[in-house]
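Let chain X serve as the given structure and place chain W on it in line with the hints.
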Amino acid sequence: MGDPYLQNEVDIGDVGLAVGKAVVAFTVLLVAVMLMVWFERKVVSRLQNRIGPNVAGPFGLLQTLADGLKLFFKEDIIPTNSDRFVFKLAPYLSLVPAFLTFAVIPVAGDFSGGQVDAATGLPLERPGTVTIFGRETFVQVADVPVGILFFLAMSSLAVYGIMLAGWSSGSKYPLLASVRASAQAISYEAALGLSLAAVLLVSGSLSTIDIVNTQAAGGGFGGFTRWNFIVTGFVPFIVFVIAGTAELNRPPFDLVEAEQEIVGGFHTEYSSIRFAMFFLAEFMNTVTMGALIVTLFFGGPAGPNLGILPGWLWGFVWFFSKLLFFLFMFVWFRATLPRLRYDQLMNLGWKLLIPISLGWLLLLAGIRFARTDELDFADSAIGNTAIVMLVGVAGLMVGGLLLSMAARAARTDRLENEGLVAVPTRVLVEEE
Amino acid sequence: MTVTSGQTDGQVGNNVQSGSAATGEEEAVGQLHHLPRRDSVLRMSEVRAAELADGELLDGENSQTMMMNMGPVHPSTHGVLRLMLELDGETVVRSKPVIGYLHTGMEKTGEDLTYLQGPTNVTRMDYASPLFSELAFSLAVEKLIELEIPARATWIRMLMTELNRISSNLLFMATNGMDLGAVSMMIYGWREREEVLRFFQKVTGLRMNHNYIRPGGVAADLPEGWRADVLGLLEMLPPRLEEYDVLMTGQPIWRDRLQGVGVLSPQEALALSTTGPILRSTGIAWDLRRDMPYLAYPEVEFDVLVGTYGDCYDRYAIRLNEIRQSIGIIHQILELMPSGDYRAQDSKVTPPPRARIDESMEALIHHFKIFTEGFKVPEGEVYVAIESPRGELGCYIVSDGGPKPYRMHIRGPSFVNLQTMSHMLAGSSIADAVAIISTVDPILGEVDR
Numbered sequence: 001m002g003d004p005y006l007q008n009e010v011d012i013g014d015v016g017l018a019v020g021k022a023v024v025a026f027t028v029l030l031v032a033v034m035l036m037v038w039f040e041r042k043v044v045s046r047l048q049n050r051i052g053p054n055v056a057g058p059f060g061l062l063q064t065l066a067d068g069l070k071l072f073f074k075e076d077i078i079p080t081n082s083d084r085f086v087f088k089l090a091p092y093l094s095l096v097p098a099f100l101t102f103a104v105i106p107v108a109g110d111f112s113g114g115q116v117d118a119a120t121g122l123p124l125e126r127p128g129t130v131t132i133f134g135r136e137t138f139v140q141v142a143d144v145p146v147g148i149l150f151f152l153a154m155s156s157l158a159v160y161g162i163m164l165a166g167w168s169s170g171s172k173y174p175l176l177a178s179v180r181a182s183a184q185a186i187s188y189e190a191a192l193g194l195s196l197a198a199v200l201l202v203s204g205s206l207s208t209i210d211i212v213n214t215q216a217a218g219g220g221f222g223g224f225t226r227w228n229f230i231v232t233g234f235v236p237f238i239v240f241v242i243a244g245t246a247e248l249n250r251p252p253f254d255l256v257e258a259e260q261e262i263v264g265g266f267h268t269e270y271s272s273i274r275f276a277m278f279f280l281a282e283f284m285n286t287v288t289m290g291a292l293i294v295t296l297f298f299g300g301p302a303g304p305n306l307g308i309l310p311g312w313l314w315g316f317v318w319f320f321s322k323l324l325f326f327l328f329m330f331v332w333f334r335a336t337l338p339r340l341r342y343d344q345l346m347n348l349g350w351k352l353l354i355p356i357s358l359g360w361l362l363l364l365a366g367i368r369f370a371r372t373d374e375l376d377f378a379d380s381a382i383g384n385t386a387i388v389m390l391v392g393v394a395g396l397m398v399g400g401l402l403l404s405m406a407a408r409a410a411r412t413d414r415l416e417n418e419g420l421v422a423v424p425t426r427v428l429v430e431e432e
Numbered sequence: 433m434t435v436t437s438g439q440t441d442g443q444v445g446n447n448v449q450s451g452s453a454a455t456g457e458e459e460a461v462g463q464l465h466h467l468p469r470r471d472s473v474l475r476m477s478e479v480r481a482a483e484l485a486d487g488e489l490l491d492g493e494n495s496q497t498m499m500m501n502m503g504p505v506h507p508s509t510h511g512v513l514r515l516m517l518e519l520d521g522e523t524v525v526r527s528k529p530v531i532g533y534l535h536t537g538m539e540k541t542g543e544d545l546t547y548l549q550g551p552t553n554v555t556r557m558d559y560a561s562p563l564f565s566e567l568a569f570s571l572a573v574e575k576l577i578e579l580e581i582p583a584r585a586t587w588i589r590m591l592m593t594e595l596n597r598i599s600s601n602l603l604f605m606a607t608n609g610m611d612l613g614a615v616s617m618m619i620y621g622w623r624e625r626e627e628v629l630r631f632f633q634k635v636t637g638l639r640m641n642h643n644y645i646r647p648g649g650v651a652a653d654l655p656e657g658w659r660a661d662v663l664g665l666l667e668m669l670p671p672r673l674e675e676y677d678v679l680m681t682g683q684p685i686w687r688d689r690l691q692g693v694g695v696l697s698p699q700e701a702l703a704l705s706t707t708g709p710i711l712r713s714t715g716i717a718w719d720l721r722r723d724m725p726y727l728a729y730p731e732v733e734f735d736v737l738v739g740t741y742g743d744c745y746d747r748y749a750i751r752l753n754e755i756r757q758s759i760g761i762i763h764q765i766l767e768l769m770p771s772g773d774y775r776a777q778d779s780k781v782t783p784p785p786r787a788r789i790d791e792s793m794e795a796l797i798h799h800f801k802i803f804t805e806g807f808k809v810p811e812g813e814v815y816v817a818i819e820s821p822r823g824e825l826g827c828y829i830v831s832d833g834g835p836k837p838y839r840m841h842i843r844g845p846s847f848v849n850l851q852t853m854s855h856m857l858a859g860s861s862i863a864d865a866v867a868i869i870s871t872v873d874p875i876l877g878e879v880d881r
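Chains X and W, in that order, give the protein sequences. Count the first sequence with our numbering and you get residues 1 to 432, in order. Count the second sequence with our numbering and you get residues 433 to 881, in order.
Since the hints were made in silico from the structure, they are not lab data. Hints may contain errors.
As the list claims (entries may be wrong) - Just some of the chain W residues that point at chain X, by a computed CB distance under 7 angstroms: (1) V479; (2) P507; (3) H510; (4) D611; (5) A614; (6) R623; (7) L663; (8) D688; (9) I862; (10) A863.
Stated by the list, open to error - Derived contacts from chain W toward chain X, CB cut-off under 8 angstroms, selection only: (11) Q496; (12) M500; (13) Y559; (14) S616; (15) I619; (16) I685; (17) R786; (18) D864.
All residues carry an ideal CB built from backbone N, CA and C; glycine is no exception.
With the rest of the complex left out, here is chain X:
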């Protein structure tokens, strides 16, 4: 496994290729972020009956550049109360992981082949490669063996940026934001990881390119039934999108920078280019999260080769179209949904998303086990699967019931301890 050009002896050309890919990816990501900021502002404007940026450059495309330049030349203020070293460090802690995560995402390549090894379920050839300077390679910066774990690690690291920024500012609003950030990150990473586990279970690999490959195995668009959002049964996908949005601190989960509550949140005290770095990191994360959803659940660059363009470019076209859809979705969320309250966010994470994804993971694992024919409840694999599913669903329902009963008992206890009476659920008054 791993990137083909690194399979043999690594020479100076390979190193050059690696560096080149990193530079190109960095540039592309920066430009993508610039366009994403423009896209978000333009779409939100349209959804809100406004025009949005339209002065700097054609269609206002250069607005982000103008803003960035302006911020760069602004005075950089470091509050007296702040911890100067950490205050300066925090933006980098935010920005660097945001960029690194993108390195594991395959953005192009021809995955329309569709030849599969019957035994492993993996394709026979290595699809998705392009040849650059006579070297066969994937269209991604690095195919890290731990792949998706790398993403989890980086997204955990990114929280340090926000947390330390809030803490080091020496101001109360950022401090509240920093507490919110750490709690939010901890609760939603669990749900994120569990929904991810479902994908890993069906793909059998941590490597992003292998995850794409297993989904592309059907070939073309006809193979979309192999895409993970169907294979894993929608639930992990939905959980991942919700938890991912929370992980990004985007509306409706943008408690960390809830302007109406805690002013600027963690970046209240930041100005100039340091603020710009947080801003950049946030949008980079948005792009990366969209790309991850595409990679994990929607086959990444997989799609039919329609001719005219070279095959790997079609991969890019498909990848980008899917990505655009999810980026639009994030913007749509922002324009539509009110913000959740802190405790509601915690409730959603711990009491809903984590149990659901955990239960679903168990169910998926059970089904996969049943398919291996090692069980002999029934004569056929299908019969086994049906039995496992029935037992699994029943088990989950019992578990869910117990959980909700426990929750209710705990709530009543707490209210009694506080000397309060349980508030009856609101009954809506019907029309006369």
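Structure of chain W alone, referenced to chain X:
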């Protein structure tokens, strides 16, 4: 809560009903003596709070609580309200609203302006519903000089104030949405309000601070084509309100954010002298348009909307549905609008028509005297209250017989309603605090005057 009268507006699926107050009020009055959350008010000087502002804990090292100043410069304190919050984590323990950052001495200024100049002054108090202040002032002056105004003037006043109620409630929809993170709602609310303001501009020449309702009538007759304009507004609004229902009322996150937040009991509401949607949200049907009628309100039909729980959601739903009630009232006004003069032809109060000034020296002198010296008002004192979108807006005038009021006082609903803040904030989180400030809907210009 008893439910009376038909056409209950139940389409938004909330708990707003129309009803009368009899039972709720009697019960409430009996329990006026105590407020359950008396200790929710932070009694601390601003100086001490400022000392504590540098990240220190409230009572030294062992304390669990910290002091935070929210405002006067904060995105969601509706202008320049400052809240001193004692926080335990994110939970508000005690709080104290600090006002005065927008104090402009308008009441004092009012003593130096003639009765004709008065509306120019009071209109700047509640800048979201300026016509109401003008109306209260004008009604008070008219009561002092016992002036009858023509029917058309009365109905024009009703038309304009009901439209103003709509624009003010739309502003609430906008800011409330904004405060809870539904940012698009701000633009939508503003968009609809703008349409109403456009009509105001056509009628009064100004978008706000109109100085349109004056003692003796209104400043000018309705312009040509006003009926079509109003009908256009009434046609435009209902579908937009349904969009609000989709975007907010039926939104699960929205409901979670507002339901059960900032609950006020009827007893507390009465003890704290709240009026308007805050009082009605607790289930007490008290609306001056019905209970102490003024203008021609007895001649129109409308429902007094009340809530059941007294929470933020009830206050939101009441305001939303009051827009619908106002639309109904305006439809009736359009039908009943009489013809006639738009101001009282009382030579003592009303300046002569412009054409007469060119012909007659006496008319010119008369005109000059009215605008420089003003008209004299008999000695006495008077209090007139009307129902503004925020509650009871009263105007108290003491006259010493001269052309200027001896004392002019406005009973601002925003100011009185601010008292509820500490009681509702106690025990809530910062996010709830924002929702509570938002649904109290204070206009700081009126608070500070």
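Hints, verified against the model:
The interface hint given for V479 of chain W is violated, since its Cβ lies 19 angstroms from the closest Cβ of chain X, which is over the 7 angstroms cut-off. For P507 of chain W, the suggested interface contact is upheld, since its CB lies about 5 angstroms from the closest CB of chain X, less than 7 angstroms. Interface hint status for H510 of chain W: violated, as the beta-carbon distance to the closest one in chain X is roughly 11 angstroms, over 7 angstroms. The closest approach between the C-beta of D611 of chain W and any C-beta of chain X is roughly 5 angstroms, which is under the 7 angstroms cut-off, so the hint is satisfied.
Checking A614 of chain W against chain X by beta carbon gives a least distance of about 4 angstroms; that is within 7 angstroms, so the hint holds. Checking R623 of chain W against chain X: minimum C-beta separation of about 6 angstroms stays under 7 angstroms; hint holds. A cut of 7 angstroms between beta carbons decides the hint on L663 of chain W: the least distance to chain X is about 23 angstroms, and the hint is violated. Nearest Cβ of chain X to the Cβ of D688 of chain W: about 6 angstroms, under the 7 angstroms cut. The hint holds.
Against a cut-off of 7 angstroms between C-beta atoms, the interface hint on I862 of chain W holds, since the closest Cβ of chain X lies about 5 angstroms away. For A863 of chain W, the interface hint holds, since its Cβ comes within 7 angstroms of a Cβ in chain X; the closest pair sits about 5 angstroms apart. About 14 angstroms separates the beta-carbon of Q496 of chain W from the nearest beta-carbon of chain X, more than 8 angstroms, and the hint is not met. Taking 8 angstroms as the C-beta cut-off, the interface hint given for M500 of chain W holds, the closest approach to chain X being about 5 angstroms.
Residue-level restraint check for Y559 of chain W is violated (minimum Cβ-Cβ distance to chain X is 21 angstroms; threshold 8 angstroms). Of the supplied interface hints, the one on S616 of chain W holds, with its beta-carbon coming within about 5 angstroms of a beta-carbon of chain X, less than 8 angstroms. Restraint check, I619 of chain W versus chain X: the minimum CB separation of about 4 angstroms is within 8 angstroms; hint holds. Hint on I685 of chain W holds. Least Cβ distance to chain X is approximately 5 angstroms, under the 8 angstroms limit.
With a least beta-carbon distance of about 42 angstroms to chain X, the hint placing R786 of chain W at the interface is violated under the 8 angstroms criterion. Interface hint at D864 of chain W: satisfied, since its Cβ lies 7 angstroms from the closest Cβ of chain X, which is below the 8 angstroms cut-off.
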